[in-house]
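S.K.: Working from the sequences, and respecting the hints, build out all of it.
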Amino acid sequence: MAEPGRLEVKAVSKSYSAPGRARVDALVNASFNVEPGAFVTLVGPSGCGKSTLLRLILGLDKDYDGDILLHGERIAGTSLSRGIVFQDHRLLPWMTLEQNIGLALTNSTLSPEQQRRTIQSHIELVGLQGFEKAYPHELSGGMAQRGAIARGLVGQPEILLLDEPLGALDALTRVRLQEELLRIWRAEGVTMILVTHDVDEAIFLSDTVIVMNANPGRIVKQVKVDLPPGPRDRVSTEFAALKREILVAMGEVVSHAAPQAVEA
Amino acid sequence: MNTLTQTLPSTAPASEASSFGTKLQQWLAPSRAIGFLLPAGVLLLWQTAASLAWIDPVFLPAPIKVVEAFFKMLTEQKLLWDFTISLALVSQGFLYGAFAALVLGVAAGLSKRFEQFLSPTFDTIRHIPGIAWFPLIVLWLGLGAPAKILVIAKTVFFPVFLNTLQGIRSVDKSYIELAEVMTLTRWQLVRKIILPAATPTIMVSLRYAAGLAWALVVVAEGLSGLEGLGFLIFRAQGLLLTDQLLVCMVIIGLVGFGIDRTMYLLQRRVLRWKQGFEG
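Protein sequences, first through last, are from chains X and C.
Numbered as in our numbering, the first sequence ends at 264 without a single skipped number.
Numbered as in our numbering, the second sequence ends at 279 without a single skipped number.
You can take every hint at face value.
Looking from chain C toward chain X, a few residues come up when the C-beta cut is under 10 Å (computed):
#1 174
#2 177
#3 181
#4 188
#5 192
#6 193
#7 197
#8 275
Just so you know, these hints were derived from the structure itself, not from any lab.
Just so it is clear, CB atoms sit at the ideal spot from N, CA and C, and this is done for glycine as well.
M.R.: Shown next, in the form of structure tokens:
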């Protein structure tokens, strides 16, 4: 794996303008840092610019104000050092699972034998052994998303970006995959940046939650998740307090009843 | 981990391995028999019409007479030769036309400028039917095979060209984005994403064009030359050999059916990754 670097987002703004329509500020003056190996979640209502921010970090959109630095260098275009899992699994229907995962290695420097081995080990990492030759239509939604996670990780990126990867799944599969994601994060030691609108998911998974809000899209709060080590109890008092704090910051809950919780 | 409890649906790739025997069995299964009801009914009506002499036998010979004519044409005349001639014409015309259409269609699909360069000319030529081109082409190339091959190739060209272009243009944008994330080169993008994504559209047009080509060969042979099924059919009309005429018609229909089924199976094979509504 490439040496994980520190990601710095410095005063990043992004607006869209179309002729004859008002300018839309998708993101205004967003700043935060992601330490190597961290699990950071961007959470917020739709239109808060969280996906925009992820696309900028990915390098799909190079036209923005401010700086996004990785290893101290401004991100210029996509790179194999940043993997992505989209909300739709986006596996290519004409490729088998292993071909889909292998697509991420098309331009890697590994030998064919190394590629074959790393593809197989990532299929095992996400628990899809036995489905190497299956086409995407033969996989369930959860399995396809596991495949997409394997594809995101197979190039051994320093950062894995996850754009609401569990958003389209049913509640049960979703909870299971959250636990899987944590296991994979610990096993691979990769930096993860997750975008979600699910506050529970954000608290369950990450060590820092970046709360965003819309109109204009902006960061309103950074919350450190200081829950006791070990599996996080989704119904503990501390969990609920954090959830309240985040919902208040998003403006979803009126703050009068909010007890003060940990703040970053 | 929940994958252990999940199994592949029955459409697993394993079914690919089924032998020719089982395929034949599937094909002849009772559920397929429904497709033979209508032809059997027509045959029965034909036989009745002939037996009861509803129509003068000169214009409608009995089915058995037609079968006799078939064997006579096969043994005493050179039906097989004419059949081969027609099939060779269609195959060549189809191959040339489809090949040119795929090459130019992909090029036009990838380059907006190239499409703009071609489209006014092509959209005009396209509307002049193959048969309208034929007299001029015969003046240039003579009565032989090249003129017929050219006119068939023209007929095959346009549906395949337009569908290739359309297939490429309708590739999902999110796949292009994926290619960018995977840092694919332009050529890798074309080979691994654009062409496979366009294949379903292209396959449909190839199947359609193959049918057109076979229909056209009969007309082209009827209009010029002294061989082929098309020639036989017009000669039979002139000589009032209705039985031979019917033999040719049945052969043309059956071959057309065969071509379509072959193209369908080819399509299924190429697109085995695709799962659609099965009715």
